[in-house]
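Student: Listed in order, the protein sequences are those of chains A and B. Under my numbering, the first sequence has 15 at position 15, and the numbering climbs by one with no breaks. Under my numbering, the second sequence has 241 at position 241, and the numbering climbs by one with no breaks.
Read the hints as simulated data drawn from the structure, not as lab findings. Everything hinted at is true.
It does not matter which identical chain is used: a pair holds within one copy or between any two.
Heads up, simulated DSBU-like pairs for lysine-lysine below, C-alpha to C-alpha not over 30 angstroms straight-line:
no.	residue 1	residue 2
1	K150	K5
2	K195	K179
3	K243	K195
4	K65	K243
5	K179	K119
6	K255	K190
7	K137	K44
8	K190	K242
9	K205	K195
10	K45	K70
Protein chains: 2
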Amino acid sequence: MLSKKHDVLLVCRKSHAEEIKRNGLRISGETDYVAHPDAATSLKKSDAELAILTVKAYDTRQAVKEIAGKCNCPILSLQNGIGNEETISEIAGSERTIGGITTHGVRYVSPGNIIHTGKGETIIGEMDNSLTRRVKKYADAMTECGIETKVSRDIRREIWRKAIVNASINPLTAVLRCKNGYLLENKHAKQLMEKLCMEATIAAKSNGIDVDETEIIKRAEEVAYLTRENYSSMLQSIIRGKKTEIDYINGEIVKAGMKKGVEMPANSFLIELIKAMENAAVAP
Amino acid sequence: MLSKKHDVLLVCRKSHAEEIKRNGLRISGETDYVAHPDAATSLKKSDAELAILTVKAYDTRQAVKEIAGKCNCPILSLQNGIGNEETISEIAGSERTIGGITTHGVRYVSPGNIIHTGKGETIIGEMDNSLTRRVKKYADAMTECGIETKVSRDIRREIWRKAIVNASINPLTAVLRCKNGYLLENKHAKQLMEKLCMEATIAAKSNGIDVDETEIIKRAEEVAYLTRENYSSMLQSIIRGKKTEIDYINGEIVKAGMKKGVEMPANSFLIELIKAMENAAVAP
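Given these sequences and hints, build the entire structure.
Tutor: Here's what the structure looks like:
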């Protein structure tokens, strides 16, 4: 979408890059558009104004190392999970780090083809809660191109809120192998979702994050409802025998909680279950 | 097997009963034998010497009510889970109750056909730990017919040990949809199995049951190994969209633990997961 008004280079896998260079990136679903960004499998030295990170959390370190050596621009994380900004900061410096989340849903279909499965919101912000010209500029640029983007003066809170909601929905649907909406239909599943939320909220609060239990449970239910027909990304990973982001979602929450002496047995149990399912043989 | 030397009436579903009366009960697998017991779908008034209960734990109450009104003999439970003997005792009286377990594995294939999937041991005993002539007589009768049976003077302990092993293997394989052997192959699954064992052992001890944590974990691992190629009965129930015995296995253990103030978060979480899976739509 940004390529409407800006020079964009998409760094991605070879088959995807080749198809995008040949025929563009075909977006269907909630958005119907063929974008024509440049595409490549790696970065060259660049005077880019901004790097946007959308890789899985377990690839953050490697991606940031590549970016940091090739250009001097700020790096904006629009990823899932907790800790991405800390990794960016550690490698590229805190002044180059911008935090963010997006709740748009997208599914990769085939090289050059993606589906925009759900409209969401995008929020970015400085990690020190200041309101800078650069974040306003980036938010405006994204909004102008059709990606409505807000600036937050407490982006860490937004990242945690999204992570808690993900932590309560994704691994549960992966274990139950159900659509997100099932968490509202089945009373046992709903109770587990609430339990995970409650534990995570206590962990967040003990780390100085301003979240409210009732509000976050309501938010999780709302997200489960809005995405009721979707299979979560974590379930998709499990079905494909891929690694999940569990360490960066529930894992980081448990780590943060434990550091403050908060026991998190439900999240801890679920993490091990997901890890036991990664690469597991699916039953008959 | 008992029909080799005794008059046996098998009470079971209609199609099974009809086939058994016509062509006998064909046992394959570890045992190769065609037995010819009588069979029916309900009990008539009877002067039977012994009633052996093998129904799912959630059907105990109904089965015992039917038996209690039709005959005056002792009722021996060879079921799964905790609480069956208490239910028998409540309905038919403590003097008619005999406790027991068996670790033989059997799979129903079709009317008149079952597979003996794994050799195991059978243990029976009086609930007050006394050594009576009747339990010796029943154990001898079963052993003589090829079902090797021991008498225990602490049958409650044996029932708990089996339940703890079941509680650690069955729901875990049902959630992971894996063969029992996977619990030994995958370090995360193995860790969860041990965690469930440990919680249950504490619950058992707090209820005066003489079990040892190290010994019971070793036993669970041994059972998982011996049945490594099997899909547990609980996984089979989940796949068929049937109700499971979770309330009578992990459920009773948690109830017993909670009564003594023992928190059991892993077992509690797993119970809700299994209940969320009962009748659940299976994912793609």
